[in-house]
Amino acid sequence: MLYDALVHSYNIATARLGLALGVPAVTDTLRALGAERPFSDYPSLLLGAVNFSPLEVTQMYHTLAAGGFRTPLRAIRAVLTADGRPLQRYPLSVTRVVDHKPLYLLNSALRGVTREGTGRGVQAYLPAGMVVAGKTGTSDELRDSWFAGFSENYVAAVWLGLDDNRPAGLTGARGALRVWGDMLSRLETHSLSAAAPDGVDTLWVDQRNGLRSDDDCPYSVQLPFIAGSQPGQHSACELEVMDE
Numbered sequence: 001m002l003y004d005a006l007v008h009s010y011n012i013a014t015a016r017l018g019l020a021l022g023v024p025a026v027t028d029t030l031r032a033l034g035a036e037r038p039f040s041d042y043p044s045l046l047l048g049a050v051n052f053s054p055l056e057v058t059q060m061y062h063t064l065a066a067g068g069f070r071t072p073l074r075a076i077r078a079v080l081t082a083d084g085r086p087l088q089r090y091p092l093s094v095t096r097v098v099d100h101k102p103l104y105l106l107n108s109a110l111r112g113v114t115r116e117g118t119g120r121g122v123q124a125y126l127p128a129g130m131v132v133a134g135k136t137g138t139s140d141e142l143r144d145s146w147f148a149g150f151s152e153n154y155v156a157a158v159w160l161g162l163d164d165n166r167p168a169g170l171t172g173a174r175g176a177l178r179v180w181g182d183m184l185s186r187l188e189t190h191s192l193s194a195a196a197p198d199g200v201d202t203l204w205v206d207q208r209n210g211l212r213s214d215d216d217c218p219y220s221v222q223l224p225f226i227a228g229s230q231p232g233q234h235s236a237c238e239l240e241v242m243d244e
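Numbering (the working numbering), first residue to last: 1 to 244.
Keep in mind that the hints were calculated from the coordinates and are not lab data. Each hint should be verified, as a subset may be incorrect.
With beta-carbon atoms standing in for the labels, derived distance ranges [what the hints assert, rightly or not]:
#1 Tyr154 x His8: 22 to 28 Å
#2 Glu116 x Asp41: 48 to 54 Å
#3 Gln230 x Leu87: 52 to 58 Å
#4 Ser40 x Asn209: 33 to 39 Å
#5 Pro86 x Leu211: 57 to 63 Å
#6 Gly84 x Pro167: 45 to 51 Å
#7 Asp201 x Leu80: 48 to 54 Å
#8 Asp41 x Gly210: 27 to 33 Å
#9 Glu188 x Asp28: 22 to 28 Å
#10 Gln88 x Gly210: 49 to 55 Å
#11 Pro43 x Arg89: 39 to 45 Å
#12 Ala13 x Leu87: 49 to 55 Å
#13 Ala15 x Leu187: 30 to 36 Å
#14 Thr14 x Leu55: 21 to 27 Å
SDA-like, lysine to any residue: derived pairs with alpha carbons at most 20 Å apart [what the hints assert, rightly or not]:
#15 Lys101 x Gln222
#16 Lys101 x Trp204
#17 Lys101 x Ile226
#18 Lys101 x Leu17
#19 Lys101 x Thr171
#20 Lys101 x Thr202
#21 Lys101 x Tyr3
#22 Lys101 x Gly169
#23 Lys101 x Leu33
#24 Lys101 x Ser229
#25 Lys101 x Val200
#26 Lys101 x Gly199
#27 Lys101 x Gly34
Quick caveat, the model's predicted, so the values are computed rather than measured. Ideal Cβ placement from N, Cα and C applies to all residues, glycine included.
Please put together the full structure from these sequences, using the hints given.
Structure follows, in structure tokens:
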């Protein structure tokens, strides 16, 4: 399932999905999320072959964390005089750029990354039961180690690498994730809410075939579906387990 592919970083499945949707559709989404630098619509983009800075990645993850609303990141909110009077203010700009229903499905998978996937090591830094969402990233020959994610009240992206582009020798899980987790552990972090929005149903499905199942099926997992897109067939998981 696509859920497993994202949670466990099975990148071939991600690349095939991107090709099926069309690379221009993927780049349009990246730009909607907040990517501003020019980049080409090459298929290699589907595997992360784009030179984004940690600030740019944080901007895109901020849009994910905000439920599809993009707010440009900034370091200055206002300029004050010596006695505290405002000289200049910079009002926030908030724009809905992504439909909240498919975004909830993506964020649900990002929560799965930190619960059971390549980012599960972050749990060692957080209080028991704390829910966060995020994604590891590792470039060829271990040159770059990435982790980007968010809690209910913080968004952050961490990159570890060398300025001369030599291999750093770290995967996303062994490098950047540890920095991210340590940073969040020092902040007053709030757990993510898992409440599904209107128009999204949460169902039990058989992880082996994507069909509907009961919660007592050994291979069942709870996943969100946009209303009308859920599988109609039921898995005979109990019979299959008996046959094994």
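Structure-based check of each hint:
Distance hint check: the CB atoms of Tyr154 and His8 are about 25 Å apart, consistent with the given range 22 to 28 Å. Hint check: Glu116 to Asp41, Cβ distance near 33 Å, so the stated range 48 to 54 Å is violated. Separation of Gln230 from Leu87 is about 55 Å and conforms to the stated range, judged on CB atoms against 52 to 58 Å. Checking the proposed 33 to 39 Å range against Ser40 and Asn209 shows it holds: the Cβ atoms sit about 37 Å from each other.
Checking the proposed 57 to 63 Å range against Pro86 and Leu211 shows it holds: the Cβ atoms sit about 59 Å from each other. At about 50 Å, the CB distance of Gly84 to Pro167 agrees with the hint of 45 to 51 Å. Evaluation of the 48 to 54 Å hint for Asp201 and Leu80 yields a pass: the beta carbon distance comes to about 49 Å. At roughly 30 Å, the beta-carbon separation of Asp41 and Gly210 lies within the given 27 to 33 Å, and the hint holds.
Taken as a hint, the range 22 to 28 Å is violated for the pair Glu188 and Asp28, whose Cβ atoms sit roughly 36 Å apart. Between Gln88 and Gly210 the C-beta distance comes to about 54 Å, which sits within the given range of 49 to 55 Å. Evaluation of the 39 to 45 Å hint for Pro43 and Arg89 yields a pass: the beta carbon distance comes to about 44 Å. Taken as a hint, the range 49 to 55 Å holds for the pair Ala13 and Leu87, whose Cβ atoms sit roughly 52 Å apart.
Separation of Ala15 from Leu187 is about 35 Å and conforms to the stated range, judged on CB atoms against 30 to 36 Å. Hint check: Thr14 to Leu55, Cβ distance near 24 Å, so the stated range 21 to 27 Å holds. Restraint check for Lys101 and Gln222: satisfied, since their Cα atoms lie roughly 16 Å apart, inside the 20 Å limit. Only pairs whose Cα atoms come within 20 Å are accepted, and Lys101 paired with Trp204 is accepted, the gap being roughly 18 Å.
At most 20 Å may separate the alpha-carbon atoms for a hinted pair to count; Lys101 and Ile226 meet this at roughly 7 Å. Between the alpha carbons of Lys101 and Leu17 the distance comes to roughly 19 Å, so the proposed pair stays at or under 20 Å and holds. Our distance criterion of 20 Å between C-alpha atoms is broken by Lys101 and Thr171, whose separation comes to about 31 Å. Restraint check for Lys101 and Thr202: the C-alpha separation of about 12 Å stays at or below 20 Å, so the hint holds.
For the proposed pair Lys101 and Tyr3, the alpha carbon gap of about 16 Å is at most 20 Å, so the pair holds. Simply put, Lys101 and Gly169 have alpha-carbon atoms about 38 Å apart, too far for the 20 Å limit, and the pair is violated. Distance hint between Lys101 and Leu33 is fulfilled; the C-alpha atoms sit about 15 Å from each other, no more than 20 Å. The straight-line distance between the Cα atoms of Lys101 and Ser229 is roughly 12 Å, inside the 20 Å bound, and the hint therefore holds.
Distance restraint check for Lys101 and Val200: the Cα-Cα separation of roughly 7 Å lies within the 20 Å cut-off, and the hinted pair is therefore satisfied. With a C-alpha separation of about 7 Å, the suggested pair Lys101 and Gly199 falls inside the 20 Å cut-off, and the hint holds. At roughly 19 Å between alpha-carbon atoms, Lys101 and Gly34 fall within 20 Å of each other, so this suggested pair holds.
The structure does not agree with the numbered hints 2, 9, 19 and 22 stated previously, though it agrees with the rest.
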